Amino acid sequence: IVGGGSVSDSLRMELLRAANWKKGDIIVAVTLATAYSEEGFANANKAFGRLTGETCIKFDSAAVHDPKKLDTLSKAKIIYFGGGRQSPFMELIEGTNVQQILRQAYYNGAVIGGSSAGAAVMSNKMVTGHGLRDTAYASTFRVLQKGNIEIVKGLGLLDSVIIDQHFVIRSRYSRMLSAIMEFPDYQCFGIDESTAVIVHNGKAKVVGESQVIVFSKPTN
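Take the sequence shown: its letters are residues 27 to 246, numbered as in the numbering used here.
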C-alpha cells in the first residue's frame with residue numbers, strides 16, 4: 027500500500043516478492059481512479075514489464091462490465107490500483123461484481139497493492155479528502171472540527187484501519203486527527219510518498235524512503 031509519489035523498482039519488487047510471482051502469473055493494472063486511464067496503464071505496464079518481462083492486463087471502466095476481464099481479475103496473482111481520485115473508483119464499481127471479485131481474489135491469496143488513491147480504497151472506511159464543513163479543498167484541514175471529515179465505504183480489504191496518502195509531504199495530520207476523533211476504535215495510517223505498508227497475517231511492515239505515521243486511541 028504505497029502513499030503515492032514516485033514508486034521505485036524496489037517497492038514494486040517488494041510487491042512481486044510478497045506475491046511469490048513467477049512467469050505466467052497474471053498482473054492486472056486497475057485504472058479506475060484516474061481520468062487518464064491510458065497513460066496510467068502505460069506507466070504501470072512499463073514499470074512492471076521492466077521487472078518481469080511480462081505485459082500487464084488493463085482493467086479500466088470498460089472492463090467493469092466485461093465478463094472476460096472480470097474472469098481475468100478473479101484469476102490474477104497481483105492486482106495493482108493506480109492513483110487518481112478514490113471516490114470515482116468506488117462509484118464506478120457500485121452495483122457491479124467487481125468488489126466481490128476483488129475481495130474473493132484477496133481471500134484466495136492474490137496480492138492487492140495500490141498507490142495514492144489506490145491506497146485509500148483499501149480500507150473499509152475510506153477518506154475522500156473532502157471536508158463536510160470546511161468545504162474549500164486543501165491538502166489538509168485548516169482546523170479540527172467535529173463532523174468535518176468525509177468518510178465513505180471503501181473496498182474493506184482492511185477492516186480496522188483508515189488510510190491517508192501523500193501524508194508527510196502534504197502535512198495531512200489534521201485529516202487523520204479528524205478521522206481518529208470520529209472513529210477512535212480504528213488505527214489511522216498516514217503513508218508518505220515513495221513509502222509502502224505491507225500487510226500480511228495481521229502484521230504491517232514499512233518499506234521505502236520515508237515514514238508512516240500511525241494514529242490510534244490513547245490507552246489511558
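Incorrect hints may have been included.
Said to hold, decoys possible - DSS-like mimics (lysine-lysine), calculated; alpha carbons at most 30 Å apart, straight line:
1) K101 with K49
2) K84 with K49
3) K49 with K72
4) K72 with K48
5) K48 with K151
6) K84 with K101
7) K84 with K103
8) K49 with K231
9) K179 with K94
10) K151 with K179
As the list claims (entries may be wrong) - Here are the in silico distance ranges between beta carbons for each label pair:
11) V240 with E64: 16 to 26 Å
12) E235 with R159: 15 to 25 Å
13) E80 with H156: 34 to 44 Å
14) S87 with D185: 21 to 31 Å
15) Q130 with M39: 24 to 34 Å
16) R168 with Y133: 34 to 44 Å
17) A164 with H91: 31 to 41 Å
18) S242 with A164: 23 to 33 Å
19) L170 with G79: 43 to 53 Å
20) E176 with Q126: 19 to 29 Å
21) I195 with H156: 37 to 47 Å
22) K49 with N134: 19 to 29 Å
Don't read these hints as lab results, they were simulated from the structure. If you're wondering where the values come from, they're calculated on a predicted model, not measured in any experiment. Think of the CB as a built atom: it goes at the ideal place given N, C-alpha and C, for glycine as much as any other residue.
For each hint, the structure was consulted:
1. K101 with K49: Holds, at roughly 14 Å.
2. K84 with K49: With Cα atoms ~18 Å apart, K84 and K49 stay inside 30 Å; holds.
3. K49 with K72: holds (16 Å)
4. K72 with K48: It holds: about 18 Å lies between the C-alpha atoms, which stays within 30 Å.
5. K48 with K151: violated (33 Å)
6. K84 with K101: holds (14 Å)
7. K84 with K103: Given that 30 Å is the threshold and the Cα spacing comes to 14 Å, the pair holds.
8. K49 with K231: holds (26 Å)
9. K179 with K94: Holds. K179 to K94 sits at ~27 Å (cutoff 30 Å).
10. K151 with K179: holds (5 Å)
11. V240 with E64: 16 to 26 Å: violated (36 Å)
12. E235 with R159: 15 to 25 Å: violated (34 Å)
13. E80 with H156: 34 to 44 Å: Since the Cβ atoms of E80 and H156 sit about 38 Å apart, the hinted range of 34 to 44 Å holds.
14. S87 with D185: 21 to 31 Å: holds (27 Å)
15. Q130 with M39: 24 to 34 Å: holds (26 Å)
16. R168 with Y133: 34 to 44 Å: Holds - the Cβ-Cβ distance for R168 and Y133, about 41 Å, lies within 34 to 44 Å.
17. A164 with H91: 31 to 41 Å: holds (36 Å)
18. S242 with A164: 23 to 33 Å: holds (25 Å)
19. L170 with G79: 43 to 53 Å: Holds: the Cβ-Cβ distance is about 49 Å, inside 43 to 53 Å.
20. E176 with Q126: 19 to 29 Å: holds (25 Å)
21. I195 with H156: 37 to 47 Å: violated (20 Å)
22. K49 with N134: 19 to 29 Å: holds (20 Å)
Figure legend: structure checked against the earlier numbered hints; hints not met, in rising order: 5, 11, 12, 21.
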